[in-house]
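Each protein sequence line maps, in turn, to chains A and B. Per the working numbering, the first sequence starts with residue 1, numbered consecutively. Per the working numbering, the second sequence starts with residue 1, numbered consecutively.
No lab work stands behind these hints, which were simulated from the structure alone. One or more of the hints may lead you astray.
[What the hints assert, rightly or not] Which stretches of chain A does chain B cover? Using the computed rule of at least three CB atoms under 8 Å from a CB of chain B, they are:
#: 1; region: 67 to 81
#: 2; region: 110 to 116
#: 3; region: 131 to 141
#: 4; region: 146 to 154
#: 5; region: 169 to 175
[Said to hold, decoys possible] Every beta carbon over 10 Å from chain B, so not counted as near; a handful from chain A, in silico:
#: 6; residue: Asn35
#: 7; residue: Thr62
#: 8; residue: Asp260
#: 9; residue: Met323
#: 10; residue: Thr410
Just so you know, even glycine gets a beta-carbon here, dropped at the ideal spot from N, CA and C.
There are 2 protein chains.
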Amino acid sequence: MAIPRDARITLDPEEIPKRWYNLAADLPEIKPPLNPVTKEPAKPQDFEAIFCKPIIQQEASTERYIDIPEEVRDNLVALNRPSPLQRAYRLERYLKTPAKIYFKREDTSPLGSHKGNTALAQAYYNAESGIHTLTTETGAGQWGTALAMVSNLFDIDTTVFMVKGSYNQKPFRKTLMHMYGAEVYASPSEYTEFGKKILKEHPDTTGSLGIAISEACELAMKDEGTCYALGSVLNHVMLHQTVIGEEAMLQMQKAEITPDYMIACVGGGSNFAGFTFPMMHEKIKGRSETEIIAVEPKAAPSLTEGEFRYDYGDTAGVTPLLMMYTLGSEFIPKSIHAGGLRYHGMSPLVSAAYDQNLLTAVAYDQTETFEAGVTFAKTEGIVAAPESCHAIKAAIDKALECKATGEEKTIVFCLSGHGFLDLYGYDQYLEGTMQSSSIDN
Amino acid sequence: MAIPRDARITLDPEEIPKRWYNLAADLPEIKPPLNPVTKEPAKPQDFEAIFCKPIIQQEASTERYIDIPEEVRDNLVALNRPSPLQRAYRLERYLKTPAKIYFKREDTSPLGSHKGNTALAQAYYNAESGIHTLTTETGAGQWGTALAMVSNLFDIDTTVFMVKGSYNQKPFRKTLMHMYGAEVYASPSEYTEFGKKILKEHPDTTGSLGIAISEACELAMKDEGTCYALGSVLNHVMLHQTVIGEEAMLQMQKAEITPDYMIACVGGGSNFAGFTFPMMHEKIKGRSETEIIAVEPKAAPSLTEGEFRYDYGDTAGVTPLLMMYTLGSEFIPKSIHAGGLRYHGMSPLVSAAYDQNLLTAVAYDQTETFEAGVTFAKTEGIVAAPESCHAIKAAIDKALECKATGEEKTIVFCLSGHGFLDLYGYDQYLEGTMQSSSIDN
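Could you put together the complete structure from these sequences and hints?
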């Protein structure tokens, strides 16, 4: 039952990517965001109330590569980058599949997920721009934790609006953010006008990412020294996350791995984009035939059941309108859904790529993803985040297809985070009390 | 605020140590365990009711080096070994100390602590010996988690008796062990005769490691195919943990680090032993002047306030008598103590080394160790296990001494695990509800 010592493909800190890859350069037909009031294409100044200038420039950039500041690269070491690419020998054996399964390990960050990659870049640019406070939303808590930690490194204060359902289900995420020095409010909160309005209309709501975003933006708009930071969806976030995929491409090249499938979960789309966009570039250039698969929860299936249209990023309708796959900005996933990935929309870049058939999408119910997570824990020893369990489930399904056909395909998925702070969901699954969270149930 | 990219000193999987170092070879005057009934030096067969033969041989061995089986070395890769040695640049800057601070990262294991190093070896030898079930105790939960996971890799079943106080305070540790397939009982339990006896006498007890060990041993004695596995204290456990120190010695040699201090926390002594014994060997041979410091909680201060005498390893008095520093086998730490390291005794090897002045010891109250943990999280971004916070506190104190004297000393400590499953204690600390847990308060 031993695993070969070459199971882990590592890189040196010097091999941390020197530049981010920007898919916008290779998707010329993407539609611009619209001003929420005039409905005209948004101008950079439309974003100035909530973002600092370097971030706005990156959001609109169509440059193919953007240099990563040395200070950001240095700090990526503190997030344990480069992260390993690892072969799941034991999972393969357990499944009795001829497929080779690899996973990119974003769980090795001290923050427990990939979210630090963009948190670090955003905190850096905001600090450079003289911003003293960042506000943000968080759902399952990975993003709020990441921003709270890295803001610390740049002497920036952080205020986090945490979706109330998660706030109550995951008290230790709050503890973690407190430990890093952040202020944390359950959203909707009494701390903002929009929060008060929602609480009056829906006193029992467990909240949503859309509502929390509205509250965070309201705070950023009120004060010049305060900016808003988003953990997913927007182009600059996808950009920063491409360190994952750039590392993976180098690791696959070194280990002579040619993936048949690259798989990642999608909520807003950031770990998926970061992991797959560099390979998508190769596909666009005709140099790769890898099938790229986005895996979403049936509880919030924006790609597989949403519409491709302009929609607000938040519930209050204060953000620019984004051209994206969406379930509607008023969408609130079932409260019993334990697995993150709760956002109503999808990154405009991921959406445009999906519209152009650069990826396929599949949706799973939470019970089958937790089942996959338990199999992964028993075989590989790693407790995956519920979000990541979606990718594991899809990888297992592809591996079982290979078992049926006898094909020795290569599957590479992104393990976006660990699940040490998500054991509530696993406990429900193991105790048999977890319910289906599909929107059609 | 960037940290240099050389902050992390890594090794390749091929550099995983090939042999364990056995301090017993270099401490000739250690006193043997005694049979609990006859009080005569215990014979190998006295251990056969609870341990398999290869483990008993290692327990009594005075060979200086013991080869690590290749299958164990291979599986150490799955525990993310070799683990990094990392420089705490940000902590140094925050403290404004001229000292250099390094830490050996046992938190990078998917199990979250160093405990997997011996769990793996023990599961391997038991599987080789035809054992189908392992029973054990666990306090804070690190050990039970580790054994549950690795037993899986060798198709061994696991039954864990978890100290009731922790069982109730840390329900997710139980979830984790369930996920890995283990049976978990709150100890004292109705599942054993000894558990029933204790419950009858002390129905409200929150339990202790000594009681949980008695329950686990009772099960092992009842069935031939069942053996007991201990996560600390005994010589073979210390032996298996020396992969930590052997790696650290190689890393320090490569990076030209000569430590003035090596620091680790002690409960039963295993991460301390693993981390420091290879350096202790150098001290015994006159090749090192490193000061080795053991850090214990004031809640269970066996080295600083215990007696060096023969005592039982458990509460029922069924284990052999061990020559060790002990607070008495009936000792139960205050229930408000949140930080692990709850054992009444100390590893006989660590005890003998302490008696021979090869190390110094210091004790801290839990509140000051959590304070150190929060400082570490804010600066280095890593949430340390409460146990490890004891080592951090001692390292900070030494660094502040250097600040006062201006000396540029080098401090290397062992970060024995992460604290993602111990946020309850941090929450108490941050909310100001944590009490002193010193035994004299």
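Evaluated hints:
Counting residues of the region 67 to 81 of chain A whose beta carbon lies closer than 8 Å to any beta carbon of chain B gives 9, which meets the minimum of three for the stated coverage. For the region 110 to 116 of chain A, the assignment as covered by chain B holds, since 3 residues bring a beta-carbon within under 8 Å of that chain's beta-carbons and 3 suffice. Only when three residues or more bring their CB closer than 8 Å to a CB of chain B does the claim for the region 131 to 141 of chain A stand; here the count is 0, and the claim is violated. For the region 146 to 154 of chain A, the assignment as covered by chain B holds, since 5 residues bring a beta-carbon within under 8 Å of that chain's beta-carbons and 3 suffice.
With a cut-off of 8 Å between beta carbons, the region 169 to 175 of chain A has 3 residues touching chain B; three or more are needed, and the interface restraint holds. With a cut of 10 Å on Cβ distances, Asn35 (chain A) stays outside the contact zone with chain B, its closest approach being about 36 Å. No Cβ of chain B approaches the Cβ of Thr62 (chain A) within 10 Å, the least distance being about 29 Å, so the stated non-interface status holds. Interface exclusion of Asp260 (chain A) from chain B stands, the closest Cβ pair being 25 Å apart, more than 10 Å.
No Cβ of chain B approaches the Cβ of Met323 (chain A) within 10 Å, the least distance being about 36 Å, so the stated non-interface status holds. Thr410 (chain A), annotated as away from the interface, keeps every beta carbon of chain B farther than 10 Å; the closest lies near 20 Å.
In summary, the one numbered hint that this structure violates is 3.
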